[in-house]
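Peer 1: Just need the whole structure built from these sequences, with the hints factored in.
Protein chains: 2
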Amino acid sequence: MTFTKRTHNCGELRTSDIGKRVTLNGWVASRRDMGAMMFVDIRDRYGITQVVFDASEKTTQNADVFATGRKLRSEFVISASGVVRKREKGNSNLATGQIEILVSHCEILNEAETPPFEISEDTTASEEQCLKYRYLDLRRHSLQEKFIIRNKFYQITHQYFHEHNFLEIETPVLMKSTPEGARDFLVPSRIHKGKFYALPQSPQIYKQLLMVGGFDRYVQIVKCFRDEDLRADRQPEFSQIDVEMSFIDQDEILRLTEGYVKRLWKEILNIEVETPFRRIQFTEAMQRYGSDKPDTRFAMELCELTEEVKECEFNVFKVVAHNNGTIAALNAKGCARYSRKDTDALTELAKRYGAKGLSIVKYVDGKFESPIAKYLSTYMQSAILQKTGAENGDLLLIAADDWERCLTILGQLRLEIARREKILDVVKEKFDFLFVVDFPLLEFSPEENRFAARHHPFTSPKAEDIPLFEKNPAAMRANAYDLVINGMEIGGGSLRIYRRDIQEKMFKALGFTKEEAEQKFGFLLGAFRYGAPPHGGIAFGLDRFVMTLAGTENIRDVIAFPKTTSMYSLMDDSPSTVSEAQLQTLGIKLTTPDQQE
Amino acid sequence: MTFTKRTHNCGELRTSDIGKRVTLNGWVASRRDMGAMMFVDIRDRYGITQVVFDASEKTTQNADVFATGRKLRSEFVISASGVVRKREKGNSNLATGQIEILVSHCEILNEAETPPFEISEDTTASEEQCLKYRYLDLRRHSLQEKFIIRNKFYQITHQYFHEHNFLEIETPVLMKSTPEGARDFLVPSRIHKGKFYALPQSPQIYKQLLMVGGFDRYVQIVKCFRDEDLRADRQPEFSQIDVEMSFIDQDEILRLTEGYVKRLWKEILNIEVETPFRRIQFTEAMQRYGSDKPDTRFAMELCELTEEVKECEFNVFKVVAHNNGTIAALNAKGCARYSRKDTDALTELAKRYGAKGLSIVKYVDGKFESPIAKYLSTYMQSAILQKTGAENGDLLLIAADDWERCLTILGQLRLEIARREKILDVVKEKFDFLFVVDFPLLEFSPEENRFAARHHPFTSPKAEDIPLFEKNPAAMRANAYDLVINGMEIGGGSLRIYRRDIQEKMFKALGFTKEEAEQKFGFLLGAFRYGAPPHGGIAFGLDRFVMTLAGTENIRDVIAFPKTTSMYSLMDDSPSTVSEAQLQTLGIKLTTPDQQE
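In order, the protein sequences belong to chains A and B. Quick note on the working numbering: the first sequence kicks off at 1 and runs consecutively. Quick note on the working numbering: the second sequence kicks off at 598 and runs consecutively.
Among the hints, erroneous ones may be present.
[Said to hold, decoys possible] For lysine-lysine, the following DSSO-like pairs were computed, each having C-alpha atoms within a straight-line distance of at most 27 angstroms:
| id | chain 1 | residue 1 | chain 2 | residue 2 |
| --- | --- | --- | --- | --- |
| 1 | A | Lys223 | B | Lys749 |
| 2 | B | Lys749 | A | Lys152 |
| 3 | A | Lys193 | B | Lys790 |
| 4 | A | Lys333 | A | Lys387 |
Everything labelled a hint here was simulated from the structure, so no lab data went into it.
Peer 2: Right, dumping it as C-alpha cells:
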C-alpha cells in the first residue's frame, strides 16, 4: 500500500517542463491502444495529462511497464512516472495539451470495475443513476468546476466579512422548536424523554441574542432546515450566509451587501458590477412586474386598467372593481399568433396562481378579437390600447382579482411569455441586481383569520407606521429588504424590533396572547428587558448564490450530496429504518409499526 | 427608532483624537454621579470609553442633556455625542484611558431593567444563572475575548487550508444512521414515515466518498453530534475541522498539521512553535506515561516491574504475571508524607479506572513501609529502588493488571499526583505538542466477544501487518495518529483502507457478516469498486483547540450557547414538549405519553 507519490498534478505540466522526470497520480480517463503505442489520459481535479507507453523503448524494465499499461482500464487509479516530452500533435483545448509523458514506471494503485455510466460531459445517465453513484458523477469536470466556484465563494465570504469586522460565531443546531413558519425537523431527546429539539429553520433568535450580548457584528455560514414539500429548487437542508449588525440602519446593510456582491462577481467571474443597486419598492415591483422578486433584465411591464374598464358590462370586471380589486393587463408583443392551445396553457398557468379566469384579447387588423370584446366600448378599447401600447398582432392578457393576486398572476404570465418568446435567452448573459424594499409588515391569512408576519415576527415596522398598529395594520410597511438577482430572491433581511413595547404590539397584531408570546419567545422578550441595541441583518441563500455564479438552474449541481425532491438520498438510502431498541431508548414508537420494514 | 449613529467604537479614541466631535453607541457600564458632574463608562465589543456630563456647561441644550444623563442606569443603550478632551487623571489600564468625551447630546436608545447579576469579571452569579441569561453573560469582556480568539481561529483555518489547495465542501447533516460508535441523534422523516435520518457523528464516509469523487483535498468546519452521557468537557453538538487528502502518506498529513498548529500559535498567541513535533508510538506512550494522550510537560515516568517481582509471594502479582499481565510502578517523589486519607483517595481513583486494588509503598528511612513489604525479598526491593529511582521520602504506587489497564491506572495516578504536587501549575505556561502514532488497529471487546475498530472500521492497517488479519489481529498496528497538546487529544486521523479486498478483511475481523457489511456500508464498499485513490485525513476538535488557545478548561467558555451536562439549554428551555399534532405528522408517538407535559 505504498506507492510512488506525484511530483505534479495532472493539470500543471507545460512545455517549460520538457525533459523533467515526473510522477502523476490519477484516474485513467481514456486509453487508446495503437499496438506498439498506447496513449492514456490521466485525470485528477486539476486537469488531464496524456501519458504514452511505447513498446519500442529498449530499457530493461520496459516490457513490464508496457504489460502494466496493457492492463489499464477506465477509472483505474495509477501512478505513472517518466520524462516530459513535446507532444507531436498538440491539443489546444487542454492546458497540458502541448506535452506528454513517456512512461518508464507505472503502478496500479487500485483497479476499477466498469462504471455504471460513462464519466464524461455527454453522459447519457439518468439523474437517478447520477445521484445513486454520486461519487462517480462528481468526477465529471463540469461538476467539479461548480464546487471550485463554491469554494471560492466561501473564501471570499470569510474574507469580506472578516475585513468588515464581523465575528464568525456558531449557533446551536439542537435548538428549541419555534412555531412560526415552515415545519421543523424534530430530534427526540433520550435524556429528557418526551421532549424534542428542533433543527433551526434559521438562527434568527440566536443572532439577535448575540446582538443583545454585545457582539456587534456576527456572520455565520450555517445549515438550515425546512421540512417542506419540496419544489425543484429546494432541499431539506440548505446553507445560508447569516449576518447581523448592531447600531446600523437599512442603508448600511444594503451598502455592505453591495460591496459583498461586487467582490464576488469580480473575483469569481471577473465582472465589474455597478453599485449602488437599484432600490425598488415592493408596491412598485408588484405594479410593474407582478413580482416581489422581479426579473428586470427585460421590460414587458404590466399596466393597470381598473379605471379604464370598471364601468364595463363584463361582470367579472364589474365585481372586482366594486370590491376594490384590481384589473390589469400584460401586453405580449406579437403573440396574437398564439393558437388556442397556447392561450389555454396561459389560462392554466394563471389558474395555478389562483386566477378564476383570464381574459385574452388578440389585437388583429385594428380589432379586438376576444369573448370580452363585446363588453368593451370603443372608448374603453382605445383607452386600453393607449395604456398597454398594444399594436397590431399583440396579445393582451387581462387579470381581475384582488390587488396582489391579480399582479402576481400577470407577473407569472410575464415570465412565461419571456420564456416562450426566447426573451430570457437574449438576456441570459446579463446580471440584474436590485433591492426590493418597503415590504408590507403583515399579511392577512384568510384561513386563520388573522395577520401573519410577512417576514418574521421580529421585523421592525417603519417608525412612521407604528401608529397604524391600532388603526390599519394591513397598511404598515416594514424595514425589510430583499436582494434580487435575475429574478431570484438571493437574500432577505430586516431591521429588528429592539424595544419590548413594540415587540408586544407586534405579537398582539399577530394574535398571540401574552401567554403564548411568553411561552414561544419568552427568552427573547426577556433579553429585550436588559438593553437590546438597535440591530438588523440579512441572510443570503448560499446555494442559490452559487447557482447564479455557476450558471446552473439545478440546485443539485452545487450540493455535494443532494437529496431528491422527496428528501431521499439515493446514494446511501437515507432516511432508513432503525432498530426497535433505538426507538425505545428515545421513548418513542411508530404509530403504524408495519411501516417499519 | 432613528438615532445618532456612532462615528467611532468605544475602544478606539486616543489622545490624537482630542478636539474631534464624535458619537459613541453602547451600553452604560457604570455611572458615577458627583452632583454637578456625572461620569459614565460606555461599553461595546471594542472597549470602554468615559463620557462626562457637566452641569456647568452653559449651552442652551445642556440642561436637557444633563437631565438625560441623570436617567441613565446600568446596561441602558445610549448614543452620546460630544468633543473628545484630555482626561485629567488618565487610566492606564484602559486603551482609551487618556481621553474622555464631554457630552453635548445624548439619546437613550433602549432602557434596561436591573440585570439579575452584575456584568463584570468578578460576578458572583452561579453558572446556572449565567447560562440562563447567557446574552448578559456574553457581555463580559473576558468571555467576548474568547470568541474573538475563536473568530481568529476560523480565519486562520480558512486561510491555511485554502493556501494548501483544499476545497471547502459541505456534507449532509441529515444522513444515514450508522451503527458503529456512540449513539446517533435521530430525526424522524415525515415523508417517509417510519424512517429516520441521523445527525452525523462525523462526516467520515462522505469525506472518503469525496476522495473517490476526485476532489483530492477536502476541508470543512462541521458540526458533529453524539448522544452520549455528558462529561464535563463534552457537548451534544461540537465542531470539528475535518480534513481529507488523496495520494498522500502519513508523514504528509502530520507535516500539514504541524504547519497549521504553528500558524495558529504564531498568529493568535505570537508564540513560535518548534516543528517537527515529537512522534511517540502508542506503546511507548503507554509504557512511559500510561496514556495515549500523554502530558509530557513533566517527566514522572512509569516503570515496569513485572520481571523484578514476578517471583514474589504476593498472590496478586503472581497471578497477573502468570497471565501475561503487567506490574508497573509510579514513583511519586516526596509523597511518603501522604496521609491514609490521601492514599485512600489514590486507591479510589485507581478503582475508578478498573483497578481491583493498588499497592502502596512508602520508602522511609531506608525501609519499605507497606503491607506488601513482607512479600518482597531484599533483592527485589533493591531492584525496585533501582528501577524506580526511589529515594528516601518517596511514595511508590504499584498496579498489576492486564497491560493496558495497568498502565492506564498509573497514567491517571500520574496526573493526579501532578495536580496534588502543583506540578501542573509550574508547567502551565508551557505548550507541549506531540503526535502519538502506531495505534493498535483493533481492540477486543469482552462484552461483545469480538474485536472493535479502535479508530473506525475504515482505518488502514500497516502494510506489513496485513498478514496478521488471519494469525493475530490483536497485534495489528494501524496507520493512525493523534495530535496531543498538553495531554489533550486535539485531533486524530488515519490513512484509510482504499482497497476493497482489505476492507472486506477488516469487516470480517470486526465480525460483520457480508450481509451486515453490505447493509451498513454498502454504498461505501460499492464506491471502492470504481477506483478509490489512496487517501487519509485527520479531524481536529475545534472547541478543544480554542480552549487550549484561550487558556480555559471550561468548554462552555468557547461555545456561544452551550448546553448543560444534561444536554439542556437553560436559556431557551430546550428540549421542549411539542404538540400531539406535530408528532402525528411524523408518524410517531411517545411510549409513555404522560411524560408529555
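Peer 1: Compare the structure with each hint and give your call.
Peer 2: How the hints compare with the structure:
1. Of the supplied pair hints, the one linking Lys223 (chain A) and Lys749 (chain B) holds, its CA atoms being roughly 21 angstroms apart against a limit of 27 angstroms.
2. Of the pairs offered as hints, the one joining Lys749 (chain B) and Lys152 (chain A) holds, with about 19 angstroms between alpha carbons and a cut-off of 27 angstroms not exceeded.
3. Of the supplied pair hints, the one linking Lys193 (chain A) and Lys790 (chain B) holds, its CA atoms being roughly 21 angstroms apart against a limit of 27 angstroms.
4. Between the alpha carbons of Lys333 (chain A) and Lys387 (chain A) the distance comes to roughly 14 angstroms, so the proposed pair stays at or under 27 angstroms and holds.
Violated hints: none; the structure is consistent with every hint.
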